[in-house]
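S.K.: From just these sequences and the hints, can you work out the full model?
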Amino acid sequence: MPTIYIDGRPVEAAEDQTVMQAARAAGVEIPHFCWHPALSVPGNCRICMVEVEGKGTDIACNMPVKAGMKVFTNSDEVVAHRKAILQLTLLNHPVDCGICDKAGECTLQDYHYRYNGEPSVSVDAKVPATKFNELSDRIVLDNERCILCSRCVRFTREVSGSNGLGIEHRADHSRVQPSSDGAFRGDPYSDNVVDLCPVGALLSRRFLYRSRVWYLEPTPSVCPGCERGCTINVWHRLEDWKLKSVATKENSRIARVTPLENPAVNGPWICNKGRDLADLFERPRTTQAKVGGRPAEIDEAVAAARRLIATATRPVALVSSWGSNEELEAFARHLGGRLACFVKADHRPREGEVLEDGLLIKAGKNPNSRRARELFGDAAPSFAPGTDLVLCWGEGFDPALLPAGAKLIVIGSFFDAATDRADVLLPASTQLERDGHYTNFEGVVSAFAACFPRPAGVADAEALFGLLAGEDAT
Amino acid sequence: MRHLIPEFEAMKKRLPPGENGVLVLPCLKRIQEDRGYVADEDIDGLVEYLGVPRIQVEEVLSFYGMLRRAPIGRFHLQVCHNVSCSMHGAERLLDRLQSRLGIAPGQTTPDGRFTLSRVECLGSCGTAPVLMVNERYYELQSEPLLDVLLEELGKP
Amino acid sequence: MTGRKVLMDFEVTPTSHTLEAYLARGGYQALAKALRGMKPGEVTQEIVDSGLQGRGGAAFPAGRKWQVIDPHDGQPHYLVANADEGEPGTFKDRWVLEHSPHTLLESMLIASYALGVRHSFIYIRGEFDLPWRRVSAAIEEAYAAGYFGENILGTGFSCDIFVFRGAGAYVCGEASSLLASIEGSRGYPRNRPPRLTVKGLFQRPTVVNNVETLSNLAWIIGHGAAAFRQIGTPKSPGTRLISVSGHIARPGVYEVELGYSWAKFLHDECGGVSCDRELKAVIPGGISSQVLTGRDAKVLTPHDVETMILDHDALWQAGSSLGSGGMIVIAEGTCMVSLLRVMLRFYHHESCGQCTPCREGMGWLHRIVDRILAGKGRPEDIDLMYRISKANDGTTICGLGDAAGYATVAMLDRFRDEFDWCVEHKRSKYDGNLECRPST
Ligand SMILES: Cc1cc2nc3c(=O)[nH]c(=O)nc-3n(C[C@H](O)[C@H](O)[C@H](O)COP(=O)(O)O)c2cc1C
Ligand code: SF4
Ligand code: SF4
Ligand code: FES
Ligand code: FES
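Residue numbers (my numbering), protein chains in the order written: chain A, 1 to 474; chain B, 1001 to 1156; chain C, 2001 to 2440.
In case anyone wonders, no lab produced these hints; they're calculated from the structure. Incorrect hints may appear among the rest.
Said to hold, decoys possible - Per label pair, the in silico range of CB-to-CB distance: (1) 1018(B) / 377(A): 46 to 54 Å; (2) 1018(B) / 2013(C): 51 to 59 Å; (3) 94(A) / 1003(B): 46 to 54 Å; (4) 1105(B) / 2268(C): 54 to 62 Å; (5) 64(A) / 2413(C): 51 to 59 Å.
Claimed, not checked - Using 27 Å as the maximum straight-line C-alpha spacing, the simulated DSS-like pairs for lysine-lysine come out as follows: (6) 1013(B) / 2199(C); (7) 2298(C) / 2005(C); (8) 83(A) / 70(A); (9) 70(A) / 2390(C); (10) 2199(C) / 1012(B); (11) 2264(C) / 2298(C); (12) 2390(C) / 83(A); (13) 2426(C) / 126(A); (14) 2264(C) / 2005(C); (15) 66(A) / 55(A); (16) 2033(C) / 2005(C); (17) 83(A) / 55(A); (18) 55(A) / 2390(C); (19) 2429(C) / 2298(C); (20) 2376(C) / 2426(C); (21) 1012(B) / 1029(B); (22) 131(A) / 70(A); (23) 2235(C) / 2298(C); (24) 1029(B) / 1013(B); (25) 2005(C) / 2376(C); (26) 55(A) / 2426(C); (27) 55(A) / 70(A); (28) 2264(C) / 2235(C); (29) 2376(C) / 2429(C); (30) 126(A) / 2376(C); (31) 2199(C) / 66(A); (32) 2039(C) / 2264(C); (33) 55(A) / 2199(C); (34) 2426(C) / 2390(C); (35) 2376(C) / 2390(C); (36) 2390(C) / 126(A).
Ideal Cβ placement from N, Cα and C applies to all residues, glycine included.
M.R.: Written out as structure tokens, the structure is:
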């Protein structure tokens, strides 16, 4: 373990580290645009200049550590270089932060305030570039704002493998462009480039002009899109900035989803399905308990369901593979002995969805199949002759399969054919309205937290199970 | 481009085996020589033949000044405007060609006969000013010589 | 005569480039000597001892570069002759390619043997047509005569060669960019470390040398390093091919023994400044080397004879370099602002666009000098040009950006009055004139 000195402070580094890596591990942030821990090192932005005693200045991101080296990250020369580079970086940049989604979390903006701060020194016209370059129906590229760090390009080469982006032409006419075969449009990981982009050049169309980022806060969560269970941040409006009169619906909507870096599961990435969680969670919700198709109070519906369970001779339960560990365990505890339980695949691959790949996406499109199977076994759902009650928890059950004469209780969050057909319908909260854990296909347990309050008329499934089993409500 | 594949295969003979990328530029140049430019279908064919990503080929096509995606005139007049040629009247040559042909650099005459371009140093500075007509160098040029040249090339 | 010769030591005739003529001059004997009588390490040692420096621009010792390669480390190694010759003012490698291609081929075989190279390349700029034809024909002759291919001269040594044609990008003359180009990518240079001799073409150890550098090898192996050291100066042994252009009476390629008097060369061999004008300035080694005033260079008149010699150290001391050997002679009456504009237009056009200082800086410099010439310069623009140039100093991936910066600074330093004049009077002091024509 060589020791190096960063601004006079001894830092232990690993043999094969660069100064950038060693500094970062020691908590010293050297400014960088092009460098990213999960991508190759092109060393093109030149902002990470440091000075090494006796050797002059060079870029830290491509500088191998050497025992005893003395690195200065703030010498006069470094400071002057950094400032000069920033002025060049900004030369052809439109500085339209006022209408840029990235403002507030833009590296260029941050560095400008920290290391430059001067007004423009140029009186010459800027080189024009395309402002609204539609890369796909998900992403637009503002070529004017692009600082050509090549992170997005490298991502499509080194991580997603789509080779969807490239840099065309030369000099200050260099422009990021999509491959003309549409490879980028087909890249199921494309939205990661929006996070990777250090400036506001790559923008998510879902999020375009929807909110300033400083009105939002992230809540850690787990993507339910497949068995990988990538950890994510669900961004929503900050409590203090909740809208009071107009568009109050925005208060309980997902503004955007970003990866929550996690070496054990997804590294720094997620797939596009995870970005689209709003589509999943903003489907029409069941918020009204029903008995025999007619609206009922929740207590009334619970009582009706309890009666059905108590009187059934051969009841079957279809357990949700979207239930949290806590819910699944509660189900097993309260109802596992009373009903014949089968794990149900709430979601199946949708038309056109990537089934499985070598990066993140798994074929099982339910987040907690592993824990559910541990508790309830692998057997596919089946109805033994004489089945007279089906308790369906979650989605994905086709009521046409309901045995003749059997009753149906549904505990669910979204409308589907089963909720329409239910003899008793109990609306349940979604993952965004409660805390819990999922166990992914490899057995890694990840936590999610509530982002929004439960809508009126909706119960937590975990609380319902005890009630249904006939235990006293508290 | 498919009819050129036997030629591409022959090139492999003296190249290290297994490195397909090395053929990208030679193939593109050969295709351009054959068709006059590189068409979309050529890119399709090359991507399939070499198994390289399409974006790589597109980047290459936009990076190198000699490659083009669209047809040009039958005679491509490329006038060097770098230091030594400028010191010997490159701008005068360009003016003459512009007025004789009625086009600006970057343009093609309506009859599709001539395309005029400005280019950087052609490595022939000792015989400046220099221009290229297709792949041939014309050195030590002057306005009167240009007139003779244009006549040879069929300029009425 | 400009001293002793290594490369231009024969008379150019319509057939002097052929294998037959080359063999008649004693060609391919050095190859036989190396293959039959020397170990690869001994060949490398000979090059180290010869003190041969690179002729592509940086004058880096060739032997030191080679020594990094272990020919017996079990992995492929590659050799590339850099025939991109894109540095404005330079046209000397073309002379070798057209008139003595076998010298290059024999030298490359010797180098391949020393470095354990099975596949070698010549990267030739795309516009070169005749040089390419000559080299290609020479290669076919050499293959037919058994100098390339399997089991060369029955020694068990095998080597192939491929001529790779560029496609119009100056930056591809930069060694790592050149390799990227061969690999089938845009010609983006890359950062060192790792050095190319550690990770080069296809991630394997690779030597890139200039055509002229390599072409010296046949002579060095044939005559021995000691004999080579007899030529030139102690620190800069050998000769340089100097290509002279601009306002000079007899432009062309000359082989000059290092240490030769510069004034004598310009005034006697090259016939002095054209049209009987005074010498204003010289760019000694391609436009990326710093301009010198005639006075600085001490070559104003033939009488300056012994004061300034042509060798690497002398030029470095004078504040410039012998660079690529592309010498551009500039007569009095030339507008230096316009000249800088032509240079900056070139750098702007040729920057690969990868690293920030060069990508943005070249365009900016170009726009500023354009504006100054258009009569819209501001006094602070000169300082701004200094600042942009300085921002490229040592901050770029390859030498394009920072050499452009040095070249700009030299122009500003040495002809400051002309720039100030142009800003103040809103026009060029010399009406933008770049030509030197007989007054009528
Ligand atoms: C922008 C740029 C362009 C270059 N162009 C050439 C060139 O055309 N020919 C050449 O031999 N070297 C060129 N070089 C130098 C090469 O990078 C490399 O140093 C050289 O080929 C090594 O050969 P040598 O050591 O034999 O000189 C260029 C360097 C830079 C930075
Ligand atoms: S779009 Fe963003 S990530 Fe891509 S090169 Fe430009 S600045 Fe970098
Ligand atoms: S200095 Fe210029 S040419 Fe060289 S790598 Fe950087 S941008 Fe490209
Ligand atoms: S972070 Fe080092 S050069 Fe960009
Ligand atoms: S400047 Fe025109 S050929 Fe070199």
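S.K.: Please list, smallest to largest, the hint numbers that this structure does not respect.
M.R.: The structure breaks hints 2, 4, 5, 22, 25, 26, 32; every other hint is satisfied.
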